[in-house]
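So the sequences go chain by chain: A and B. If you use my numbering, the first sequence corresponds to residues 1 to 114, in order. If you use my numbering, the second sequence corresponds to residues 115 to 225, in order.
Simulated from the structure, these hints should not be mistaken for laboratory data. Be careful, since some hints might not be right.
Partial pick of chain B residues on the chain A-facing surface, computed with a CB cut under 10 Å [said to hold, decoys possible]:
no.	residue
1	T136
2	S138
3	S157
4	P158
5	T165
6	R175
7	Y190
8	K192
9	G193
10	E197
11	A200
12	L203
13	L206
14	D211
15	T217
16	V223
All of these numbers come straight from a predicted model, not from anything done at the bench. Just so you know, even glycine gets a beta-carbon here, dropped at the ideal spot from N, CA and C.
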Amino acid sequence: NAGVTQTPKFRILKIGQSMTLQCTQDMNHNYMYWYRQDPGMGLKLIYYSVGAGITDKGEVPNGYNVSRSTTEDFPLRLELAAPSQTSVYFCASSRRGATNEKLFFGSGTQLSVL
Amino acid sequence: ILNVEQSPQSLHVQEGDSTNFTCSFPSSNFYALHWYRWETAKSPEALFVMTLNGDEKKKGRISATLNTKEGYSYLYIKGSQPEDSATYLCALSYNTDKLIFGTGTRLQVFP
């Protein structure tokens, strides 16, 4: 089973460039999440989605955009990359939210903005 | 902003020692408490999802308890092994959609 797949695994961007981090899941999960992990700060929620066509902001949404056109895919877009966006990004999914359901995580994307 | 606190920040124990760490959270607006195990260079994996006051969960040598009235959860590891070395994350669901994570407890078990 593939589970949650993230691409790319590593990327270096120049300041001001844009890119899309891809996330896809094959478990037919309704809920999908984007987190970033900064040293000593734990995982911070960027955006999440409760189903196709529905997205909402998390704790740290500034500088990012998302879309959810299908159940499987939840891409994260950086429009104007800044050094503050250097981080490890994790996509996750769950069947019915976070009340009784665990999250399944992808393997992460390490992004450096120079 | 909801704050989920974990202590200690890091822990070093000898193989065979038992250990425990704490997750503290505001006791109001509580839905569920999650524990995840995160090994270096891997992605977090779920250990437990707990919802009821007094709930206890066990998985092998790892167990967890939950006190929703006073806002804390304990994670216990009995007879620590080097393969238990990881960061243990606590996360709180304060509505049905979002999960807010603590900063984690980094455990190192020395042979």
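Which of the listed hints are broken here?
1, 2, 6, 7, 8, 9, 10, 11, 16
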